[in-house]
Amino acid sequence: MTTLDALERWRTDGTITEAQHAALVPLVSRARTSLFAELNVLLYLGVLAFAGGLAWTASVYSDTWGDLAILLPATALLVGCFAWCARHVPPYAHTQVPAPGLVFDYVLYLGCLVFAVELGYLEYRFHLLQAQWDYYLLASSALYFIVAYRFDNRFVLSLGIATLGGWFGVRFSRFDLFVSETVRVTTLAYGVLVAGLGVGLHRAGIKPHFVETYLHVAANAALGALLSGVLVGASSGLWFPGLVIGCAAVIAAGTRCRRFAFVLYGVGYGYLGVSREVLRGINDFTLVLFYVVVSAGAVVVGLIILAQRFGREK
Amino acid sequence: MSRYSEADEQRIHLQTQVRAWTRSGLLGLEQGQALEASLQGDLKRTGLMLRLGLALFTGIVLVAAVGLSFMLTDLRSEKAVAVMLAIFGVLSMLAADWVVTAFKVYRHGVEEMLAMAGVGLLALSPLPMTSGLFSSSGESIGFAWAGATGCAASLWVYRRFGFLYAAIAAMACAANLPLQLGHGAVLQRVLTAVIWLAAFAVARAQRVEPHDDRRGAERALLQAAALLGAYLYLNLHLIPGLMFVFARGAAMGPSFYWGTYACIWLLPAAALWLGVHDRERWLIDAGLTMALATVITNKSYLGWPRHPWDPMLLGVLLAVVALGVRRWLASGPGGERAGFAPVQILESDLLAIRVAGLASAAMHPTAAAQPQAQPESFGGGRSGGGGASGSF
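The listed protein sequences derive, respectively, from chains A and B. Counted from 1, the first sequence has number 256 at position 256 by this note's numbering; the numbering is strictly sequential. One rule links them: number in this note's numbering = place in the second sequence (from 1) + 314.
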């Protein structure tokens, strides 16, 4: 029995209406196909390529062409993007507001990326804030947050969260767990702040659909910092209990809310941290392998139980 | 042969469809729940994330268990190692079979990793023996055997469990064979591409009922993978300095070079045409991916210099194409043309945007543009007054 057969049977026995049958049959038979995702991906890649090219061009030709040749067109583009978005933006609401068109989100994202490139260029060329250049990051992060909330734009929100991380000194572009104590504490603080911000705004009912973006970044930043504390150094100190509590909290919250990516974060970071503690000082490779077989086997059993109790798709 | 009956596969496919329609508002919540309940069977499934976690940790257990066995038995002989790997491979695949039978699981991560790890171990098993038997040329022969074994094992897994990635692995293993048999770089690549294209032809020749959407989508995915595989080997500039570095230069004549150049334009065009003709998004997506790769590598092929503004032009091109297609589709009757719509229909259409939104958190261009993060040519400007001294 194919899907079309099933739809016909459901229509005949009244499980679905004629209208639903008429809407679903073209989708199943592919008489109606959406290219929405493909168009969005093309636009997203286009914006990224354009902004990357702009930054590259500015860095290579700044001396040859002069500042005005770089800044004038970039500023015109920036102003144009924001003006166009300001003209087409729907009224603000705390709830999710659909974009007025396919390109809206990408024009705004392009404007923000061009702004970021210009800011970096200005500081490099004119050293306006010099040693305090990182305040650009804080200010631009605040701007991105405002823009993300006003225009309901997920890309700009991610940009804002990442730029705030840049101000904190947290870099996401590479996984480097062996960082200094200061960076670790800063990263942990950043993770807690981002999580708090996301949860607080969610509870306040302000764009609650953004909360997962905050929490994905926060969970990885905080658990990564705690794990780094456990991995580096002769003793883990307070990092280990912190990691265990953090992982337990993330797993519990992920299970409760049926967001199993967070369960996976908690299990992954937790397993690495606990393994490091258990294997500290053990140099016998056979024993290490035995531990891995037993412990990872236990994790598999635990995940199976979790999957059957909470994450089962029937 | 298959561990899952056709009825079970279709029932699970229907469940997935019903869930997607309910999430997209095409069915009411209660309607969707009632339909899902009516489709319930005895196979256990789980969500993507737990499935990934289960697969990951099962893989860790397997690797550690194999390592532990080697440590405990202290095997030195190449034959013994090969036999041991083969035994572990077979055991792992049998374990996958047992897990499915005993626990009635479907795409649960554990059985998937056991089966695919079994493929990997079986494929590895000829390597220790052949490297000892054939000395200098043994490694190549060993990899050829590994490819052949991997291909056979992957096909078995595909037939047994229906994992589509196993079928793609079988194609990749088969395509790997000519690369190990030393016929010269050009012939190797031609044969490899021919194998991928033969796999495409086999996938396309599969008989599927016109209204069987499940099998139709599977067939389209395999065709798309085969075309992408052929493209990967034919585009000589796709992975510069890595896979095809030795295929360039004197050993490669201009006819081969320009032949591949023609192919990298023809393949995306063919995939797009077939995708539109068959109304299969997998083929359309594969065509778009290949077209993008062709545009990016075009200058390298022609030997033209690259400019810093090239990405900007690419960005404009992508935006123009996207907007042009959207406008053209939207201007058709009912906002569609030939059934292709530029609007979101299912909730799953938003998945790519959500992933892209999250991926944007990996970027903070202001920080990257700061003096500390500048490349060499940009360096020194911070203390150089107006940034002019560093490079000059």
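The set of hints was computed from the structure by calculation and includes no laboratory data. Just to be clear, a hint being listed does not mean it is correct.
Claimed, not checked - Label-pair distances were calculated between CB atoms; the ranges are:
1. R651(B) <-> L72(A): 55 to 61 Å
2. A131(A) <-> A644(B): 47 to 53 Å
3. G355(B) <-> V244(A): 24 to 30 Å
4. A248(A) <-> L408(B): 32 to 38 Å
5. T415(B) <-> R203(A): 27 to 33 Å
6. F285(A) <-> A666(B): 40 to 46 Å
7. L580(B) <-> E18(A): 43 to 49 Å
8. V516(B) <-> A83(A): 52 to 58 Å
9. A298(A) <-> P524(B): 46 to 52 Å
10. L129(A) <-> L580(B): 49 to 55 Å
11. A676(B) <-> A83(A): 24 to 30 Å
12. A394(B) <-> H209(A): 54 to 60 Å
Claimed, not checked - Which stretches of chain A does chain B cover? Using the computed rule of at least three CB atoms under 8 Å from a CB of chain B, they are:
13. 222–233
14. 284–290
Just so it is clear, the structure is predicted and the values come from calculations on it, not from any experiment. Just so you know, even glycine gets a beta-carbon here, dropped at the ideal spot from N, CA and C.
Do the hints match the structure? See the list:
Taken as a hint, the range 55 to 61 Å is violated for the pair R651(B) and L72(A), whose Cβ atoms sit roughly 40 Å apart. At roughly 52 Å, the beta-carbon separation of A131(A) and A644(B) lies within the given 47 to 53 Å, and the hint holds. As the Cβ distance of G355(B) to V244(A) is approximately 39 Å, the hint placing it in 24 to 30 Å is violated. Look at A248(A) against L408(B): about 36 Å separates their beta carbons, and that is inside 32 to 38 Å.
Distance hint check: the CB atoms of T415(B) and R203(A) are about 47 Å apart, inconsistent with the given range 27 to 33 Å. Distance hint check: the CB atoms of F285(A) and A666(B) are about 43 Å apart, consistent with the given range 40 to 46 Å. Against the hinted window of 43 to 49 Å, the Cβ-Cβ separation of L580(B) and E18(A) comes to about 45 Å, which satisfies the hint. Checked against the hint of 52 to 58 Å, the pair V516(B) and A83(A) passes, with Cβ atoms roughly 55 Å apart.
A hinted range of 46 to 52 Å for the beta carbons of A298(A) and P524(B) is consistent with their spacing of about 49 Å. In this structure the hint that L129(A) and L580(B) lie 49 to 55 Å apart at CB holds, the actual value being about 53 Å. Evaluation of the 24 to 30 Å hint for A676(B) and A83(A) yields a pass: the beta carbon distance comes to about 29 Å. Distance hint for A394(B) and H209(A): a CB-CB separation of about 58 Å, consistent with the stated range 54 to 60 Å.
Using a Cβ-Cβ cut-off of 8 Å, 0 residues of the stretch 222–233 of chain A lie near chain B, which falls short of the minimum of three, so the contact claim is violated. Here's how the stretch 284–290 of chain A fares: 4 of its residues keep a CB closer than 8 Å to some CB of chain B, so the rule of at least three is met and the hint holds.
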